[in-house]
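Visitor: Given next are the chains, with one letter for each unit.
There are 2 protein chains.
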Amino acid sequence: MDVDLMELLITYDVDTTTPAGQRRLRQVAKACEGAGHRVQKSVFEVVCDPAQRLRLEATLTELINPRTDSIRIYQLTKGTLATARHLGAATNPGHHDPLVF
Amino acid sequence: MDVDLMELLITYDVDTTTPAGQRRLRQVAKACEGAGHRVQKSVFEVVCDPAQRLRLEATLTELINPRTDSIRIYQLTKGTLATARHLGAATNPGHHDPLVF
Numbered sequence: 786m787d788v789d790l791m792e793l794l795i796t797y798d799v800d801t802t803t804p805a806g807q808r809r810l811r812q813v814a815k816a817c818e819g820a821g822h823r824v825q826k827s828v829f830e831v832v833c834d835p836a837q838r839l840r841l842e843a844t845l846t847e848l849i850n851p852r853t854d855s856i857r858i859y860q861l862t863k864g865t866l867a868t869a870r871h872l873g874a875a876t877n878p879g880h881h882d883p884l885v886f
Numbered sequence: 786m787d788v789d790l791m792e793l794l795i796t797y798d799v800d801t802t803t804p805a806g807q808r809r810l811r812q813v814a815k816a817c818e819g820a821g822h823r824v825q826k827s828v829f830e831v832v833c834d835p836a837q838r839l840r841l842e843a844t845l846t847e848l849i850n851p852r853t854d855s856i857r858i859y860q861l862t863k864g865t866l867a868t869a870r871h872l873g874a875a876t877n878p879g880h881h882d883p884l885v886f
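These protein sequence lines are chains A and B, in that order. All you need for my numbering is the position in the first sequence, starting with 1, plus 785. All you need for my numbering is the position in the second sequence, starting with 1, plus 785.
Bound conformation, chain A alone (with noise of 0.2 Å):
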């Protein structure tokens, strides 16, 4: 199945000047959490297949606001993640642990 993994970056905004944007906020992270690893705030390295990739973007589509709030997906060519520079506290995900969808 390996050959089927594919490398993403996920960054989003999403407008948090009413409850409901900021119950989206969390959404949207819970559902970046459940597929990749948070490097920052709003940004998320995941390694996955196609198909998991369009089960997040399905969920992702679901949650936005799509008036107010943006997410981007990077798909990025395979070694990419593992090249990424990092300056001052950022961390260094292990893309080798299990992931669970």
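Quick caveat, the hints were computed from the structure, so don't treat them as lab data. Some clues are possibly wrong.
Residues of chain A placed beyond 10 Å of chain B at every Cβ, according to the derived structure [what the hints assert, rightly or not]: (1) L790; (2) M791; (3) A814; (4) K815; (5) E818; (6) T853.
Chain B regions said to be covered by chain A (calculated; three or more residues, Cβ under 8 Å) [said to hold, decoys possible]: (7) 808-818; (8) 840-846; (9) 851-865.
The C-beta atom is built at its ideal place from N, Cα and C for all residues, glycine as well.
Knowing the structure of chain A, use the given hints to seat chain B on it.
Guide: Only chain B this time, still in chain A's reference frame:
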């Protein structure tokens, strides 16, 4: 010169719980604005050459508090930025616009 151009995705978390942190956030944003296109509050897409990248990394390293702030720089395979998927209110930056460093 085009042959030397690279695509970067820069994301940051700056601790804004202090006035000094709020100032750092503004300075980091300004440095990134000078180098690329803001696609989310703390996410920038940058197309630059190796020297420009080193200059930007040096500037960011000087600006942040390494104990509290985090900057991540992903060097992407050329063409990756153009394939980014966005959900909701994400903007689609024009990387053919002139950049001033």
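Visitor: Which hints, by number, does the structure contradict?
Guide: Violated hints (numbers, rising): 6, 7; every other hint is consistent with the structure.
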